[in-house]
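Each chain is listed here by its residues.
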Amino acid sequence: MEQQRESAELGMWLFLITEIMFFGGMFCAYMVYRYMYPMAWEAGSEQMDFWFGTINTVVLICSSLTMALAVRSAQVGQRKALVILLIITMLFGCVFMGIKGVEYYGHWTEHQFPGPNFQFAGPDAQHVQIFFFLYWAMTGLHALHMLIGIIVVGFIAYWSWRGKYGADYYNPVENTGLYWHFVDMVWIYLYPLLYLISHKHAG
Amino acid sequence: MSAHIATKKLYVGIWAALMVLTVVTATVSRIDLGAASAAVALIIATTKALLVVLFFMGVKYVSQKMTIVVIVSGVFFLGILLVLSMADYGSRAFK
Amino acid sequence: MFDNFPLWPTRASTIAGNVDALYIFLLIVSGMICLLVFSLILIFAARFRKRKGVPAEQIEGSHALEITWSVIPLGIFFFIFAWGAFIYFKERTPPPSTLDIYVVAKQWMWKTEHMGGQHEINSLHVPAGRDVKLIMTSQDVIHSFYVPAFRIKQDVLPGRYTTLWFRATKPGTYHLFCAEYCGTSHSQMIGEVVVLEPAQYAEWLGGGPATPLPLAGQQLFSSLGCSTCHRFDVQGRGPNLTGIFGKPVLLEDGRTLTADENYIRESILNPGAKVVSGFKPIMPTFQGLVTEDQVNALLAYIKSLSKPAQGTVGARASGEPATGTTPMNQVQ
Amino acid sequence: MATAVVPTVERENYLNAQYGIKSWLLTTDHKRIALLYLLSVTFFFFIGGFFALLIRLELLTPAGDLVQADTYNKLFTMHGQVMIFFFLIPVVPAVLGNFLVPIMIGAKDLAFPRINLLSWYLYIVAGLLMMHCMLTGGIDTGWTFYTPFSTAYSNTKVVEAGLAIFIAGFSSIFTGLNFIVTIHRMRAPGMTWNRMPLFLWAMYATSIIQVLGTPVVAITIVLVALERLFHVGVFDPKLGGDPLLFQHLFWFYSHPAVYIMILPSMGVVTEIIACFSRKRIFGYQFVAFSSIAIAVLGFLVWAHHMFVAGISLYSALVFSFLSYFVAVPSAIKVFNWTATLYKGSISYTTPMLYAFGFIGLFTMGGLTGLFLAALGIDVHVTDTYFVVAHFHYIMVGGALMGYLGGMHFWWPKISGRMYPEWWGRLAALVVFLGFNLTFFPQFVLGYMGMPRRYWQYSPEFQILNVMSTAGSTVLAVGYLLPMIYFLWSMRYGKPAPDNPWNAAGLEWQTASPPPTFNFEETPVVTWEAYNYGEIDAKEVPVER
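Protein chains in written order, with our numbering: chain A, 1 to 203; chain B, 1001 to 1095; chain C, 2001 to 2332; chain D, 3001 to 3544.
Source of the hints: derived by calculation from the structure; they are not laboratory data.
Dumping the calculated SDA-like pairs for lysine to any residue here, alpha-carbon to alpha-carbon at most 20 Å:
1. Lys2106(C) with Thr2291(C)
2. Lys3238(D) with Arg2160(C)
3. Lys3108(D) with Glu2(A)
4. Lys3022(D) with Tyr3121(D)
5. Lys3108(D) with Ala8(A)
6. Lys3238(D) with Tyr2263(C)
7. Lys3494(D) with Thr3510(D)
8. Lys100(A) with Ile55(A)
9. Lys2280(C) with Glu42(A)
10. Lys1065(B) with Asn171(A)
11. Lys2050(C) with Glu3421(D)
Just chain A, same shape as in the assembly (with noise of 0.2 Å):
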């Protein structure tokens, strides 16, 4: 048993791994866009709506700790609290893709996706496509990972509420755990990297 939990946290250990290198690929693009095209990258970044990033930065932050009290509840056996912090922390993950949703909304009407209906007033309309393209990636690669997140831990509170976990076991609730935290480790760069660039926020 021991060594099933193990390997499955050392398992877990290197997906997330494989996954820093996923979001590895595009922070490296706009590292190296962000170097060769600065001005752009604060006009792309004076579009992002300051209080949106803030508040979801928040919400994740909460919802890792209800996360983290969850799992704690797993280990020490109280069945009860689990299943009610496993909801609590879906729940915001429901408010984090609830505020995207009303983001994108607002990029999108504004012609701010990335394509042939691009429309951007400024200078350097072209390099600040770029920023809204590694934009739209980075932070659709994020939400499609906390879409994947929030159905796991349902599932995860479905199973607790079933009596499936206990302190004797609790490998599934742990390793989730450990995804959700890293979703929210991702958001915690992307936060400063794309909505802070620019000292001129509205609001």
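Position chains B, C and D relative to chain A; hints supplied.
Same frame as chain A, now just chains B, C and D:
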């Protein structure tokens, strides 16, 4: 089961620290520090990430040393990707 | 040596000899290593073949040997690195005064433009004994300019200039290949490089009427309306371009960079990307409005404004911008 | 199996434990999954080989007369993609590695048997997608997907092929992840790191690359697909992107990927040489750590594929310098193999012949790598047939020779039957000769200046091309022979004893073929790896 169980208080403390750091980074971003802006933002983000990894993800109490090796090597290879790519872009201006 | 050896490419540039020398050195070194390893294997395999009653002798290993065969190869490797880097450095640093030729690659042909305005398709005429610099760009995908006889190759990228220089030594006709896969007719994107004696080259230049490239650029400069903002007499809405080529430029975002070919090119096609400090980003983009040939002409013109000897405004007025090293008299 | 010459009552093993298609398709037994992989990679090997033969036939004459230019471009693209992503990368890890890793460490199975099966299914989905792509038009970007050709100019099925490779990439990641966890957590009592067979060290190093590198190429292919679908310019200079960024990201994986192909074969060769010299491998620890060194250093050198691509002068110097470091661990391996032969007791079995061939061809491939890492020479020979010859010496002369050697070495264990030794030696010889005839002339062609990926070429290159094409047919025969006699031996081959080579290693201490859970009881390891001294000391009195 050798897993370490942290206290609720610790988790809440970490959460509070993360919230404070979020407020700090958001506030600092309104001040133009020139090139230092990006550095400050990244330092704060890395601090937050470390808090998450060490406490929420429990790496501080992890039973297998291997986990730490895995994480460090992952970050190391990400660093290689970023640094060696920039080695090209950063030195293109030199003739 | 090896000049008439079959299976060995002709040597027709100054750098070719250096490349061949390193290549031959490497052939000898690796030949010796191969000989050593292969003969050891064969000798051991024969000498220590399985025999009844003669068991293998167990040997754990030897740190001294391991260190020897790590350090000695590493030393040889560093030597090869240094030699190779030396050649590369030479290949990549053009001498100060060169004969500039513009190359535009497209699917699937090579266009070359001489300073005198002569255009060629899939062929390039150059004089022997002169340093020639190619300023190359592509209209579509990545191509690669490769002349085996010169031992040089450089990818030709869309959206920016790459350069390549050589000094041909031997008159003759040589292969020009596209070496980067570029689609259907990649293997037909070939041409010839014709190296002529200087006298013949001069004759070739005089072969037909042509507008010198900087002059064509100057005409474009006024017809596209560049001259309304980039003025030479008073400060216009855009920077005065006199003498800026090769000089450092302070940008709006605080960075400084050199006004090289690529910067000027970007400033024509995407002026908003790197605005000069003190100016507003009002210049419209010329992307899609000018062809690669026209950008080259504009570049040649702007470069000609930086040749101090002929003066700047004067050169414009006389209609014969300074092209430095181009034998303009042949064109007249 | 049951109708074959049955010498004794057949023991229950993993092959006859269960019957029926379901028992194979839903198996979580690593040995059965290895066989599933064996069938599928062999299938793709012959597809890729078929493309290769068409390419060689087209190049028999300077004119483009056999196929159209577009068809030719598709042929070399699909040859590359099939051979690299669907054959060479999975072949040794997924077939031999899958079969041997758990047995060699004395475990019942891999750490995550179901993920192992998932890997195979991902591979199959990817393979079917690739087949669909090839049958409905194919792709013509070159296996390297260089932008902006792949994103804006090619009219072929780039996205579909990209998706196939993306999925195959995750199959590879999961295999690597599984191996790392298995080697860390599932070793039998007494099986310390320093007692592990060097094949496992090689597999471990390979897995590191698979886990760290593959995600980067996956995301790069996603970006290419997005650029193609939405017409945005991450890599397209017309839209403000930088095509070199694609090359950086692509080679960050694709250079280490070469080591995914060669490292496992190095491991195989190490096992073979130790066994047929009856010796402990010379400098065990150096060979072990050189595998890890190759895996790590392999990540530092990728831009040596881009010396003429337009990267900065200084980064070219840095990458050239670093490239020489990765040559050192490879040299250490070659020297240690050679030293192992010294004072051994060498028998020339088929696997040993492949191992000799491997050392020879890999040495030549490695040495020509030094040419390519030397900046001044690389400028002349990159993108020519010199490069083509170089990487075929590594990937076919190296990786494939190692794989074939390993297949012969472990075939008795896998199938429970012996292959015909005489035919085996003949095939090894044919492969070696055919290979050299095919690829050696290409070094000369490359230095003469014949660019790669050319459908037509200048007439002065013809003689060498004819030699190469002639060699490729010999090579094809060499590859068909083992295929035929392996199939033959499954029915008519002599039943294999548990340890036909009298070899060290836990895999030889269980039955041939092994039972479903590998060992009757978990073995306890009390001896060092390659204890041939002890084994032979026990055997000698018996023989006399």
